[in-house]
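Spelled out from the first residue to the last, the chains are:
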Amino acid sequence: MTKQLAFIVVFLVTVGIFIYTVSRLVSYFRLTQAAFPVKDIAQRIKVTFTVAFGQTKIFRRPVIGLMHAFVFWGFCMISFGTIEIVLDGLLGLDKSLQGLGWLYVVISGSGDIFSWIIGVFITAFLIRRLFLHIRRFEGIGMKHISHLDANIALVLIGLLMVTLVGMNAASAELQRLSPGRAAGYYPFSSCLSGLFSGAGDQQINNWYEVFWWLHILIIFLFINVLPYSKHFHVFMSIPNVFLSRLDPPGKLPNMEQVTREVKLMLNPDTAFASSSSEPIIARFGVKDIEDVSWKNYLDSLACTECGRCTSVCPANITGKKLSPRKIIMDVRARMKEKGPGMVKQGKEFSDNRSLLRDYITEEELWACTTCNACAQECPININHPTLIVDMRRYLVMEEASAPGLLKVTFNNIENNGAPWQYSPEDRLNWARDLEMNVN
Amino acid sequence: METIRIDVPVMAVISARGEKPDYLYWVGCAGAFDDRYKKVVRAFVKILTYLKTSYAVLGKEESCTGDPARRAGNEMLFQMMALQNIELFNKYNVTRILTTCPHCYNIIKNEYPDLGGSYEVINYTEFLAEKITDGSLKIGNPLPTKQQARVTFHDPCYLGRANGQYDDPRAVLGALPCELVEMHRNKSFALCCGAGGAQMFKEAEPGNKEVFIERTEDALKTEATIIATACPFCMTMLTDGLKYKNKEEEIKNYDIAELVVQALQI
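Chains as they are written, first to last, in the numbering used here: chain U, 1 to 439; chain P, 1 to 266.
In isolation and in its complexed conformation, chain U is listed as follows (with noise of 0.2 Å):
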């Protein structure tokens, strides 16, 4: 009894923690602007079940991807064993799930081999980190906190998996001194068994006990630091895969509110038959936070920082300043940064700093080749060519600032509808004295 009161009343503040981070970053979503609608249902569960559950892009580097396809579908497994521990801790139950018969035995039998099989890839990312020099896991944007963040959820998942191995382990001893005691099947943890040689049912009882209230008070951290770290991977990744950009890689959306002004600009007759009733856009592309979209910024919250983008990145590997995970970084910094602000005293706080320039450079806006690498490495499908743009849109429409050759290339496009300056008059130049042989 003593035990239940304890769990509800950390329960309750776990939950009451994490409702109100949701809130938080709920009306940090409201201060950005429209994306795409979300239709075509059925393609994105098509595309959350093999990006997502399938792992599909992360298969992309095939070792180090294998290695964290089993930690993610570990975690599939092992929350239903979380479950349970939930549903004892709250209704004052033992294995509330043995119910389920055979089920019972898959969940608790693959929860055992998963964590075993975590535990030992979790060290194995955790050595990579701290002792190998893994090129994507340094450069711009990398700072001493992020590879701190990146440790501490990592031990964090060790202590879960080490905890859940003790709380196997002792169950599956109680299981051997007294058979029908202790349900489920603990095929990798049952070796562990012999630790506990010598103790007595209540003392290995006691155990248990502490392992299950270590292991579910880790899990009660975890889901509240989650939010304020990379980590937060752990529950955006799905979503942010659900709510996947859907078009064609190579295609930018389309800017409605410029397509009016070029039609009144060709056509002026049209200027009184267009209706008056559109919202006047403050501002053409991305200067600031409150004008990325929300699927910037849930990519934001979504990205795990592995640097996969950058590693692959034309402009990075040549020396070149820009980073795409940067750029993703600098969108949640910023939020973090102003949206405070602007929840309290509305969007025209002004702490007299902005995305451009105080967190994105020009220079590295003007590496980007628009390759689209970056987008096709990310595991979570987050895109960073079109935020790019949507900053570059800002800097040429808003502050006609561009470097000079581009500036050129505009004049050229306007004048002779070329980049280069040739004459239109010249265009079919190339079809003279065009010959061709005939057998």
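Hints are computed from structural coordinates only; laboratory data are not their basis.
Predicted model, so just to flag it, every value in this text is computed and none were measured.
Among these hints, one or two may not hold up.
Here are the simulated SDA-like cross-link-like pairs (lysine to any residue), alpha carbons at most 20 Å apart as the crow flies [as the list claims (entries may be wrong)]:
hint: 1; chain 1: U; residue 1: K407; chain 2: U; residue 2: R432
hint: 2; chain 1: U; residue 1: K321; chain 2: P; residue 2: N208
hint: 3; chain 1: P; residue 1: K202; chain 2: U; residue 2: N412
hint: 4; chain 1: P; residue 1: K247; chain 2: P; residue 2: Q148
hint: 5; chain 1: P; residue 1: K202; chain 2: U; residue 2: E414
hint: 6; chain 1: P; residue 1: K138; chain 2: U; residue 2: V438
hint: 7; chain 1: U; residue 1: K95; chain 2: U; residue 2: K230
hint: 8; chain 1: P; residue 1: K52; chain 2: U; residue 2: M436
hint: 9; chain 1: P; residue 1: K39; chain 2: U; residue 2: N412
hint: 10; chain 1: P; residue 1: K131; chain 2: P; residue 2: Q265
hint: 11; chain 1: P; residue 1: K39; chain 2: U; residue 2: N415
hint: 12; chain 1: U; residue 1: K263; chain 2: P; residue 2: P113
hint: 13; chain 1: U; residue 1: K230; chain 2: U; residue 2: S350
hint: 14; chain 1: P; residue 1: K39; chain 2: U; residue 2: M436
hint: 15; chain 1: P; residue 1: K202; chain 2: U; residue 2: N415
hint: 16; chain 1: U; residue 1: K57; chain 2: U; residue 2: W73
With chain U fixed as given, assemble chain P onto it according to the hints.
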């Protein structure tokens, strides 16, 4: 062997006669003005003539699709160009458009529909692969070089990643009497040549290497004698890369259309 003169059909003339060609061939600015790439356009027109395809070009009426402007952030200029081009397409009742430049292909196919211009857009690699499959394009002749050529193909970003077309260019090259070798970064893993996103028209940002050199090194590692490209910008970049590496004598950069013409000996 005899030679015939090709008079490239122009839309305004054909249309005035009350005829409508099957395809509009969109030449693109590089095809019109880049001396090296003009040869590619001439090669493709030879193939169209060889296949007796009904087509026409816009000639002096053609202008920039707006791609470099849009990717450099000048949405206003892009939409002006696009809306004018769409008006032109509609004037001639265009339904099917052939392209050689992947940037033109991507923007007309994927981005013009948002502005009211929806057409069937076919890239020449797709077109050639289809003609090979249906048997109308038979390439039986050996390449003029004595040894078998070793060819590596550089995927253009706007054909590959942007539009998922990895197989058609390889199918065309596969029909040629040559050995196809892949670079270690190929298909969706391919490295950009460095020219996309309007980079072609500006100086590269400061760094420690040019992207085109990094990509040329990928190609050199395959020990290919021919680098095949399918994009005017990639061609400029990789040809420059070969010059930079002093390899332009031993290794040649050809467009897929030129290799087909060489094999057909037309």
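Here is what the structure says about each hint:
no. : hint              : verdict
1   : K407/U <-> R432/U : 32 Å, violated
2   : K321/U <-> N208/P : 10 Å, holds
3   : K202/P <-> N412/U : 13 Å, holds
4   : K247/P <-> Q148/P : 19 Å, holds
5   : K202/P <-> E414/U : 17 Å, holds
6   : K138/P <-> V438/U : 14 Å, holds
7   : K95/U <-> K230/U  : 33 Å, violated
8   : K52/P <-> M436/U  : 13 Å, holds
9   : K39/P <-> N412/U  : 23 Å, violated
10  : K131/P <-> Q265/P : 17 Å, holds
11  : K39/P <-> N415/U  : 26 Å, violated
12  : K263/U <-> P113/P : 15 Å, holds
13  : K230/U <-> S350/U : 26 Å, violated
14  : K39/P <-> M436/U  : 13 Å, holds
15  : K202/P <-> N415/U : 18 Å, holds
16  : K57/U <-> W73/U   : 15 Å, holds
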